[in-house]
Structure formats: C-alpha cells, structure tokens
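Protein chains: 2
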Amino acid sequence: MSVSPVRFGIIGCAYIARKLSRAINLSQNAVLQAVGSRSLEKAEKFAAENGFPASAKIYGSYEAILDDPEVDAVYVPLPTSLHAKWAVLAAQKKKHLLLEKPVALSAEEFDTIVEACESNGVQFMDSTMWMHHPRTVKMKEFLSNPDLFGELKSVHSSFTYAADPDFLENDIRVKPELDALGALGDAGWYCVRSILWAADFRLPKTVVAFRNPVFNKAGVIMACGASLFWEDGKLATFECSFLSNLTMDLTAIGTNGTLNLHDYVIPLEEKKASYFTGTKTGFDELVTAWDSKPSEHIVNTDLPQEGLMVEEFSRLVASIKGDGASKLEEKWPTFSRKTQLVLDAVKASIENGFEAVEVMG
Amino acid sequence: MSVSPVRFGIIGCAYIARKLSRAINLSQNAVLQAVGSRSLEKAEKFAAENGFPASAKIYGSYEAILDDPEVDAVYVPLPTSLHAKWAVLAAQKKKHLLLEKPVALSAEEFDTIVEACESNGVQFMDSTMWMHHPRTVKMKEFLSNPDLFGELKSVHSSFTYAADPDFLENDIRVKPELDALGALGDAGWYCVRSILWAADFRLPKTVVAFRNPVFNKAGVIMACGASLFWEDGKLATFECSFLSNLTMDLTAIGTNGTLNLHDYVIPLEEKKASYFTGTKTGFDELVTAWDSKPSEHIVNTDLPQEGLMVEEFSRLVASIKGDGASKLEEKWPTFSRKTQLVLDAVKASIENGFEAVEVMG
Chain A
1 MSVSPVRFGI IGCAYIARKL SRAINLSQNA VLQAVGSRSL EKAEKFAAEN GFPASAKIYG
61 SYEAILDDPE VDAVYVPLPT SLHAKWAVLA AQKKKHLLLE KPVALSAEEF DTIVEACESN
121 GVQFMDSTMW MHHPRTVKMK EFLSNPDLFG ELKSVHSSFT YAADPDFLEN DIRVKPELDA
181 LGALGDAGWY CVRSILWAAD FRLPKTVVAF RNPVFNKAGV IMACGASLFW EDGKLATFEC
241 SFLSNLTMDL TAIGTNGTLN LHDYVIPLEE KKASYFTGTK TGFDELVTAW DSKPSEHIVN
301 TDLPQEGLMV EEFSRLVASI KGDGASKLEE KWPTFSRKTQ LVLDAVKASI ENGFEAVEVM
361 G
Chain D
1 MSVSPVRFGI IGCAYIARKL SRAINLSQNA VLQAVGSRSL EKAEKFAAEN GFPASAKIYG
61 SYEAILDDPE VDAVYVPLPT SLHAKWAVLA AQKKKHLLLE KPVALSAEEF DTIVEACESN
121 GVQFMDSTMW MHHPRTVKMK EFLSNPDLFG ELKSVHSSFT YAADPDFLEN DIRVKPELDA
181 LGALGDAGWY CVRSILWAAD FRLPKTVVAF RNPVFNKAGV IMACGASLFW EDGKLATFEC
241 SFLSNLTMDL TAIGTNGTLN LHDYVIPLEE KKASYFTGTK TGFDELVTAW DSKPSEHIVN
301 TDLPQEGLMV EEFSRLVASI KGDGASKLEE KWPTFSRKTQ LVLDAVKASI ENGFEAVEVM
361 G
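Taken in sequence, the protein lines are chains A and D. Residues in the first sequence are numbered consecutively from 1, following the UniProt record's numbering. Residues in the second sequence are numbered consecutively from 1, following the UniProt record's numbering.
It is possible that part of the hints are untrue.
One copy or two, either will do: identical chains are not told apart, so a pair holds if it fits within one copy or between any two.
Mimicking DSSO-like on lysine-lysine, the simulated pairs with C-alpha atoms at most 30 angstroms apart in a straight line are [stated by the list, open to error]:
no.	residue 1	residue 2
1	K217	K280
2	K93	K331
3	K280	K175
4	K217	K205
5	K293	K271
6	K321	K57
7	K140	K293
8	K45	K175
9	K321	K85
No wet-lab data here; the hints were simulated from the structure. Predicted model only: the values in this text are computed from it and were never measured.
All chains should be modelled from the sequences, with the hints used to inform the complete structure.
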C-alpha cells in the first residue's frame, strides 16, 4: 500500500531548519509543503535557498501554516521560550509535531505540550537526530547483550564546542528571553539523552551539578556539567559547553564491555559512522600490553540521520492519518520528558549551590 | 663517560615485580643485583623465573637487601601499608627508591618517606610507568601548544577493570590491612595522576566524590570516582573500579583542541602507542558532518614504558652517585605527593558523605 507523503510546514527560518528542509527533501515519505516566518521576504528567501518545490506555500506568519489544511506536520525550530505557545497551538490545529530541543524550559511546561498532542491525536517527536542513526541501533544491540556488555555501570558524555564571538553575543542560545537553558539546553540535552539512552531510559535518582558552571553576563549557562546516580549504583557524568573545542565523546562501561565513540551527536561523515567496542578486554601475562583490543565497527547509511528521523516521524504520522486506529507512539514524548526532567534537576542543583537534587519522575 | 649500571634490589616477589625485573633487564643502565622475600625459596624461584643473572644475590629477608652494599637502589612493590616502614628504612640505608603506587596511605605518611629520602640523599620515584612513555611527552607537547590545544578546560579519566573472583577475594588490593585504599589507590591513582599531569600538576581546589562508591565486606573501596574543581574554572572527573570491564580512557578538552586516548595506563601494544587529537574541529555548513576530523598519532618505542622508567630513574641515580654534586630530582616526589593529596581528598569526601573537600596543598 502506498501512502501519500507527509506534508511538512516549517515554522520559522532558523539556521537548523535548512538541515531539516534538506532532510525532508531526502526522505521518501515527506515533502516540504510550506514555510512561514514573521517576515514574508525571509520565508521566500529561505524557500528559494532550501529546495522547496514550486508548489510550496510561503507564509508571512506562523499562524498561516497552522491554518493550512494541506500541512500535516510542522517542524518547530523556534527559540525554546516560544515552544509551549506554538507547539500547543500546532497540536490544537491537528498538526503533528517535530520539535527542536530542548523541548521546553521545564518538564512542567513540556507536559502542556504533551497533553495538547495527546488530546488532539497528533504525534510528538523531538529533533534529536542521532537517535535515528542505524549506528545507534547497533550500539544499543551491543549494550543490551549480557555477554558482550553485561550490566551498565557508568556513562560519560561530553558535548562541547567553541562558539565564535558572534554566537556568544547574538545567538538565541545566549539570550535569557529566548533559550534560557543556554549550553545545558543545547549541548547538554544531547549529553543527558545519550546517558538516558544508554541506561534504557531509567531515570537517575539523584543529580549533582558540577561546581563551576560558567554564565554569561545575562546569566545564561555557557558551560556546565553534572554527575547522575541511579539507585542500582550506576553513575553517569556529562559536561556541555560553548567554550571548549568541539568534542562529542560517549563512553559506556559495563561489567563485560566498553563502548566508545567520539562523534555521537553528529557523525564525522554523513554516510559512514563508527564506534568502538571492547569485550572482556584484559592484559597479557606481564601486564605490558592488552591481550585483546577494542574493535571498530562501521555503519553505513544512505540517508543521513536527520533524514531517517524525518522518515521515522513521517511513518508514524502516516500510520495515524491512514487508518485512524493507529495509536500515538508514546516513547518519543517519554524520551523527551525524561531528558527534560534531568535538565531540570541539573538546573536546580546549580541553583541550589550544587546540592544533590532528586529527579522527580 | 660510561657509568656503571645502577644495581637494583627487588624487595618482595609481587606479581608486578616480574614486569619490573624484565624492565631492568631490558634497560641499558640498570641491572638486577638482588631479590629478597620473607621466604628464601620464593626469592629463589622468582630469580630463576625472571631472568636474574647468576651473580644476583637471593635473600630470605628484605633487610638483607638493604644491608647489601652492592645494591644502589630498591624497587618496592610491597603492599601499601608496608611502604612507610620499608621505604624509610631503605632511604636510611642510602638506597635510592622506586616505589609502587599508591606511594602511601596518606600524604602525611608519604611525607615521612620524602623526608627520609631527602635527608639521606636518595632519589625517589613512584612506579607510574606511563609517565615515561614517549607518547606522554608528545601528548604534553600538544596540551602545551596554545594554538593546537589552548587553555585546558576539562579532563575525564577512567581506569576500570573487571577483577576476577580470586582477586576480589585474595588480592592485597581488597584487604584493609594491606592496601586500604583499594581501587582508589590502585586504578584511581592513575586517573588522578593523569588529571594532574594534564593540569600541569596544579592542584584542584575542591574535590567532590561520587555518591555511589562500592565497598567490599571489609570496607575497602572496589569502585569510586570524583569530580575535581580548580579555582580558574577547570574541572576533571574520574572513575576507577575493580568491577567494570577494562577501560582506560583519557580525554582532555581545551579551548582549541581535544586529546583522546583509550589506553593511557598500559598501551594496547608494547612498542607502538597512539593518541588522537583534534584542533579547532567544527562542522560543515549544514552541520551534517565534521569539516575537520581528529587525527591519530602513532608513537613507537623500542623499550617499553617500564623500561624507560627504569632508565630515567637510573640516570638520576647514576648522576647522584657519579659526582656527588647532582641534586635530587624533586619533581618525582612532588608528583607523587600531589597525587596522594588528591586521593586523600577523595577519600575524605567519601567519608564525609560526598561533601566538597578542599585539597590541602
């Protein structure tokens, strides 16, 4: 059975929306239907530069997209402080919702979005692209294998990048009224997501923020980190920063195995990604070298991870549209909510003088 | 000018002493002169199995080595609780001292060793072998380069290994009366050393232990970790464990660069070691891949790192012996002391319910 492609409206011409527009064009089950900006000229320019088909609608407002009956789903890359308003409105207008991260300023705020999606029968997914890379599936197979990996004991995740002076002055992610969570909401989102992903989305019990967060003059976090503790003894640490060289390390250590990669958020290459595993690694007899070495695994993909994300989201949307009986896939808002809950706890720990904060499930 | 080789006595037939005996045999400026054990038979067996020359003395006590005028230096791999006694005695007998880590049960105890070494004019060095690998020199050049690496912002170090049931029951490192610091003193020593090394041996101001240390029935640490904070905003984290798969990751992130390696304590191969660096790494225009990738650097060495350690130590000893005017190289006991100070702070933080502990310089 062939289904008609999911018709996307892009709400706002953010830089990242260029990547998503390309991904929609690359995907097999989605099309660019509309783009809207508060400036019609900006929307026209964006559409012209990002491969929108001639039939696409160009709007001078966000509302117009939501009122367009030919738009099935919207991608919302607006600043975080605008998420709740536009995500809820989109849901009310029955638009399925692909929302940029962080999904909200708090889990409480995010809950209003989820309620709107559920009560209006629209699918929610956040735009955490690496979750959709086939490498992620392969790595999860490794982590789930009791012989190869065993029980997860610890995770360490870093996502830092050296923002340029213009970013540090003008980007939405340094403005308290736009993206108040700063580096924690941006880079830290991926760190926390990677940790929860490795931990099968079991929430930590306690979060302790690192004691040296960096704030800009406006009080927005430029760099921070935390340690996370589970009741079963697992631990995780992460650091996120706008002020250090680009690094995206993820290490998960189990009783029997170790997983390592250095590009978990965005692979070094679009179509080829690798990761490293070691199982029951040990030393030679005199402990002068390793008797078994970690091995590299390469995963190829024709479609980049953002295209695979669009396809996965569109599959869910098409299924709901198609038969009316398909349920919403709850795992995606659940993943988002748990990620946001941990961000909230890190923020609370920073605000409470780095005291331990219980994560509220 | 050719100098006669430094004549080593091995105090105790620990497992690790086999590696050191080989290293002494491989080195150009040291020889195996004597081995002593509380059991003469054990010493004889050890000498026979570890390439001791026929001329080597075999003793049924540690004291006998210290009384042998043909022994210039001793290697002491005894359990940590015996370090202070035997290290001080060795120094008093004018034996230069290569001491296994952790150097003592506390920095205060270590100070008695250093005082004995200084007042008796003998060189001290701890047996942290990776410090002597030429890779370490190369990596330090990278970290010291303002363009390639910039200012150090964070370090993450892991050293875990899955000890077997026999180790967990019987090894000296699980016995409170022998190696009371457990995994912290053993694997954690390397983590802390690597962090201090990356930080040019500037001590952190504050240490906060992770909240989930694992103890054995006797109360010895089997796994723990901590976060370390410097006054300039730098941070480091480490974890050490006897209960997770072998992992030895070191990542240092600077404003301009990133250093990564996965075998910093013991290289995967004896004669060839690698590390990865990235400088001003960034993304392509659409942020779908990296525009510049980290690169691997390979460092070859004919002599394994433990052999290079023996040679470096022996050079210092020969220099002191040779002209009587050469001073003791103070950096080695200083490195040891700072490492021990941080271990002390981690231990104190664990004992104080994971509160922040100031590192006492």
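Evaluated hints:
| no. | hint | verdict |
| --- | --- | --- |
| 1 | K217 to K280 | between (48 angstroms within a copy, 25 angstroms between copies) |
| 2 | K93 to K331 | within (22 angstroms within a copy, 70 angstroms between copies) |
| 3 | K280 to K175 | between (47 angstroms within a copy, 25 angstroms between copies) |
| 4 | K217 to K205 | between (32 angstroms within a copy, 25 angstroms between copies) |
| 5 | K293 to K271 | both (26 angstroms within a copy, 15 angstroms between copies) |
| 6 | K321 to K57 | within (21 angstroms within a copy, 86 angstroms between copies) |
| 7 | K140 to K293 | both (20 angstroms within a copy, 25 angstroms between copies) |
| 8 | K45 to K175 | within (25 angstroms within a copy, 71 angstroms between copies) |
| 9 | K321 to K85 | within (24 angstroms within a copy, 79 angstroms between copies) |
Of the hints listed earlier, there is not a single one the structure fails to meet.
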